[in-house]
Amino acid sequence: MWRLKKVCHKSSRPDNTEQLRLKRREQERALRQARRDKQLFSKRLLLSEDEEHSTEQHVTKIPIYSSLILIIYVSTQCTSGKCGPEKEASLKALSRALRDPSAQTKFIKLENSIHVLVGLLTGSNTECRLLAVRCLHELSHSPHSAVSLACLPASPYLLTYLSGQSTKFTELCLYTLGNLCPDNDAVKDKVLSQGIIPALTNCLETQMHNLALVEAIGFTLSQLLQEIQSKNLHTFLYYSQIISVYSSVKLFINLSTHFHCLLLAALPLIVCWVFFYLSHSIPGDCSVLLSHGALSKCSSLLVSIGGTVAEEKKDEGLELAVWPLLRCVGNLLSSCPVEHLSEQVDTRLLAALCALLNVYLKTQPALAREAAWVLNNLTAHSTDFCSALLTQNLVPDLIQLLPFSLGINTMILRVLANVAHQKKHFCDQLVRLGLLSALCATLKMADTEMVVLSLDVLNMLIDGNLQVAEEFVKQGGLLMIEALQYNHEGELRQRALYLLEHKLSPCVCLCCSFSCVSSLG
Numbered sequence: 001m002w003r004l005k006k007v008c009h010k011s012s013r014p015d016n017t018e019q020l021r022l023k024r025r026e027q028e029r030a031l032r033q034a035r036r037d038k039q040l041f042s043k044r045l046l047l048s049e050d051e052e053h054s055t056e057q058h059v060t061k062i063p064i065y066s067s068l069i070l071i072i073y074v075s076t077q078c079t080s081g082k083c084g085p086e087k088e089a090s091l092k093a094l095s096r097a098l099r100d101p102s103a104q105t106k107f108i109k110l111e112n113s114i115h116v117l118v119g120l121l122t123g124s125n126t127e128c129r130l131l132a133v134r135c136l137h138e139l140s141h142s143p144h145s146a147v148s149l150a151c152l153p154a155s156p157y158l159l160t161y162l163s164g165q166s167t168k169f170t171e172l173c174l175y176t177l178g179n180l181c182p183d184n185d186a187v188k189d190k191v192l193s194q195g196i197i198p199a200l201t202n203c204l205e206t207q208m209h210n211l212a213l214v215e216a217i218g219f220t221l222s223q224l225l226q227e228i229q230s231k232n233l234h235t236f237l238y239y240s241q242i243i244s245v246y247s248s249v250k251l252f253i254n255l256s257t258h259f260h261c262l263l264l265a266a267l268p269l270i271v272c273w274v275f276f277y278l279s280h281s282i283p284g285d286c287s288v289l290l291s292h293g294a295l296s297k298c299s300s301l302l303v304s305i306g307g308t309v310a311e312e313k314k315d316e317g318l319e320l321a322v323w324p325l326l327r328c329v330g331n332l333l334s335s336c337p338v339e340h341l342s343e344q345v346d347t348r349l350l351a352a353l354c355a356l357l358n359v360y361l362k363t364q365p366a367l368a369r370e371a372a373w374v375l376n377n378l379t380a381h382s383t384d385f386c387s388a389l390l391t392q393n394l395v396p397d398l399i400q401l402l403p404f405s406l407g408i409n410t411m412i413l414r415v416l417a418n419v420a421h422q423k424k425h426f427c428d429q430l431v432r433l434g435l436l437s438a439l440c441a442t443l444k445m446a447d448t449e450m451v452v453l454s455l456d457v458l459n460m461l462i463d464g465n466l467q468v469a470e471e472f473v474k475q476g477g478l479l480m481i482e483a484l485q486y487n488h489e490g491e492l493r494q495r496a497l498y499l500l501e502h503k504l505s506p507c508v509c510l511c512c513s514f515s516c517v518s519s520l521g
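Residues 1 to 521 in my numbering are what the sequence shown spells out, letter by letter.
Honestly, I wouldn't trust all of these hints.
As the list claims (entries may be wrong) - Here are the computed lysine-lysine pairs in the DSS-like style, where the Cα-Cα straight-line distance is at most 25 Å:
(1) K87 / K109
(2) K109 / K43
(3) K190 / K109
Source of the hints: derived by calculation from the structure; they are not laboratory data. These numbers come from a predicted model, not from an experiment.
Take these sequences, add in the hints, and give me the full structure.
Here's what the structure looks like:
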């Protein structure tokens, strides 16, 4: 009844505040996108060993002159197959020079510049090949999309070399491809047609023991899947290639054994985002992810994180892993059959989600709302999880969150509506836990969506229970309902009139009779 669709951004009921709500969501979406880009390091620069000890300012700000670029470029065109000291020094100087954006644009304008690098890349000398891919890697980090497009002649060779070479060489190829993918549609289409996803899948299967390469594979794959998802490029070609990733997704899932000791490391973070992009890349088809236990693994990770924050051991940056995990679990829950939900998800996830809600409520309300959204999907059609919410005594904490805005209170009220909708016995428990008095407060809110949801929940609570209706009237709820029947919103008027005529009218008669008897006495 209350279950949300498999989307990242929740839908809402249109009302007179819809324009403000949409504007707020657009702002939040922009902030979320900026945060995600920062988290994923949309482009990564893999430093060499001697550069890792240098400061960022020192290695990035190198004075560049056109004549120097030309001299270095000409010196690399040595036709000798031997990579002597001079040629090696020239290539190293070129890679350092290409760290500067202006040098990158100048370099690609030189005739046959990229083809010279490709020639070195495909040569027989190992050292030259490594230095050539280093130069291409520097170019891939350029902020100019034209540079990525100029690097296209090297892409088939970079893909071919994913199946061999040294670890450092393969790692450079992976990060170079990952940097190139988001810049230009032509680049992305080309590498897709060249079979980048099957190449990444094969590389993952053969390099699972090497965590550095797995991280690089995850980065490149997440960059690619992110682009496919954001542009809705669900053609047959992309669909069939994404399906090929599913054949190896179990290998990614098995990486969760490393999460507990490396939770904030880049590898788990990248894998979390890959989970999310996989769950969202092909709408309505998460069966393979579910069959491989992705929901079980991701929810277990959230349980662990929830336990950490509940014990006040929250580490800085922990939310970087929480964001993609919440979105992945929320999407997978909307695809998981209700009869298999208990097999996939531990009921401890409820407490973990509530812990995340409370921890991030004030510091990151958008993240708290994501946790509430997952809680909604978890309880939408499951009697077992609605019951667990009551038995674990989590409802009082949720009721305390109803005064909060930013979409958190509406999502929490949907969760409580899920519980009330399951069984009449649950409604009685919700009343005993104080939901009725909380509804008296939410009915006064200016948020139309919140008031409509409150009326719906109230209808379920007092349905067939005269005592609850009488208690609501005693708490002053009747006056609020009577006022709502004159509201300019038709949806509110209809619900208020229905409650007055079909649910509260017996209580009104009883109250009137009681008043008459009291006055006669």
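Each hint tested on the structure:
no.	hint	result
1	K87 / K109	holds (22 Å)
2	K109 / K43	holds (23 Å)
3	K190 / K109	holds (21 Å)
The structure meets every hint from the earlier list without exception.
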